[in-house]
Amino acid sequence: DTGVSQNPRHKITKRGQNVTFRCDPISEHNRLYWYRQTLGQGPEFLTYFQNEAQLEKSRLLSDRFSAERPKGSFSTLEIQRTEQGDSAMYLCASSLHGEKLFFGSGTQLSVL
Amino acid sequence: GENVEQHPSTLSVQEGDSAVIKCTYSDSASNYFPWYKQELGKGPQLIIDIRSNVGEKKDQRIAVTLNKTAKHFSLHITETQPEDSAVYFCAASTSGTYKYIFGTGTRLKVLA
Numbered sequence: 001d002t003g004v005s006q007n008p009r010h011k012i013t014k015r016g017q018n019v020t021f022r023c024d025p026i027s028e029h030n031r032l033y034w035y036r037q038t039l040g041q042g043p044e045f046l047t048y049f050q051n052e053a054q055l056e057k058s059r060l061l062s063d064r065f066s067a068e069r070p071k072g073s074f075s076t077l078e079i080q081r082t083e084q085g086d087s088a089m090y091l092c093a094s095s096l097h098g099e100k101l102f103f104g105s106g107t108q109l110s111v112l
Numbered sequence: 001g002e003n004v005e006q007h008p009s010t011l012s013v014q015e016g017d018s019a020v021i022k023c024t025y026s027d028s029a030s031n032y033f034p035w036y037k038q039e040l041g042k043g044p045q046l047i048i049d050i051r052s053n054v055g056e057k058k059d060q061r062i063a064v065t066l067n068k069t070a071k072h073f074s075l076h077i078t079e080t081q082p083e084d085s086a087v088y089f090c091a092a093s094t095s096g097t098y099k100y101i102f103g104t105g106t107r108l109k110v111l112a
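Note that the protein sequences, when read in sequence, are chains A and B. Quick note on numbering: the numbering used here labels position 62 of the first sequence as 62, and the sequence is numbered without any gaps. Quick note on numbering: the numbering used here labels position 84 of the second sequence as 84, and the sequence is numbered without any gaps.
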């Protein structure tokens with residue numbers, strides 16, 4: 001068990017650019033979640049996959065955000081036309097039975 | 001909407017003393033309450049959890065209590081050590097919703 005892996009750990013981009021993050025969940029986990037965390041706040045739910053199906057999306061997830069989980073394994077989160085307000089830590093988590101979420105170390109996004 | 005309030009936002013204790021962090025949730029349908037520890041530059045790590053059919057759960061130096069009537073739950077850390085210093089988050093979720101609502105976090109500092 002190598003845990004949830006996220007890449008890159010840090011991303012600095014200019015406003016208006018597109019960015020993509022990757023998450024590799026714990027291998028036997030069928031559920032995958034994306035959360036966003038800003039400084040001094042708890043994680044906020046963005047979206048959830050069960051296997052390859054995206055079952056729930058938060059209102060926080062504007063149409064500039066898209067997430068995929070092809071083949072039910074790794075997942076990608078893409079942000080198009082980044083804005084300064086997108087600067088945050090993007091956390092991925094996985095679980096086997098819906099409880100006990102295991103988080104990765106996150107991708108810290110800074111939009112200049 | 002669903003909300004989890006967490007207090008205090010910061011807590012300093014002397015090594016060996018106990019620390020208590022309290023959370024209140026708004027959704028009476030919530031039935032699963034995990035606690036996470038987050039160290040600098042890392043993702044949240046699950047330390048203990050409790051389901052609504054149990055009033056108390058203990059794991060070595062940490063314990064969680066739940067009062068469903070008052071919609072309160074608390075984290076208790078006894079015999080605190082410097083390595084307990086971190087940010088602690090409570091969360092609440094409801095079976096079938098796949099979404100955790102996190103509190104705003106408590107920064108615990110254990111003074112040696």
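None of these hints come from the bench; they were simulated from the model. Wrong hints could be hidden among the right ones.
Cut-off 27 Å, straight-line C-alpha distance, at most; resulting in silico cross-link-like pairs (DSSO-like, lysine-lysine) [what the hints assert, rightly or not]: (1) B/Lys68 with A/Lys100; (2) B/Lys109 with A/Lys57; (3) B/Lys37 with B/Lys109; (4) A/Lys14 with B/Lys57; (5) A/Lys100 with B/Lys42; (6) A/Lys71 with B/Lys68; (7) A/Lys14 with B/Lys71; (8) A/Lys71 with A/Lys14.
Structure-based check of all given hints:
1. B/Lys68 with A/Lys100: holds (20 Å)
2. B/Lys109 with A/Lys57: violated (35 Å)
3. B/Lys37 with B/Lys109: The given pair, whose Cα atoms are some 13 Å apart, holds under the 27 Å limit.
4. A/Lys14 with B/Lys57: Status violated; Cα separation ~47 Å.
5. A/Lys100 with B/Lys42: holds (17 Å)
6. A/Lys71 with B/Lys68: Violated. A/Lys71 to B/Lys68 sits at ~40 Å, over the 27 Å cutoff.
7. A/Lys14 with B/Lys71: It is violated: about 44 Å lies between the C-alpha atoms, which goes past 27 Å.
8. A/Lys71 with A/Lys14: violated (31 Å)
In this structure, the earlier hints numbered 2, 4, 6, 7, 8 are contradicted, and the remaining ones agree with it.
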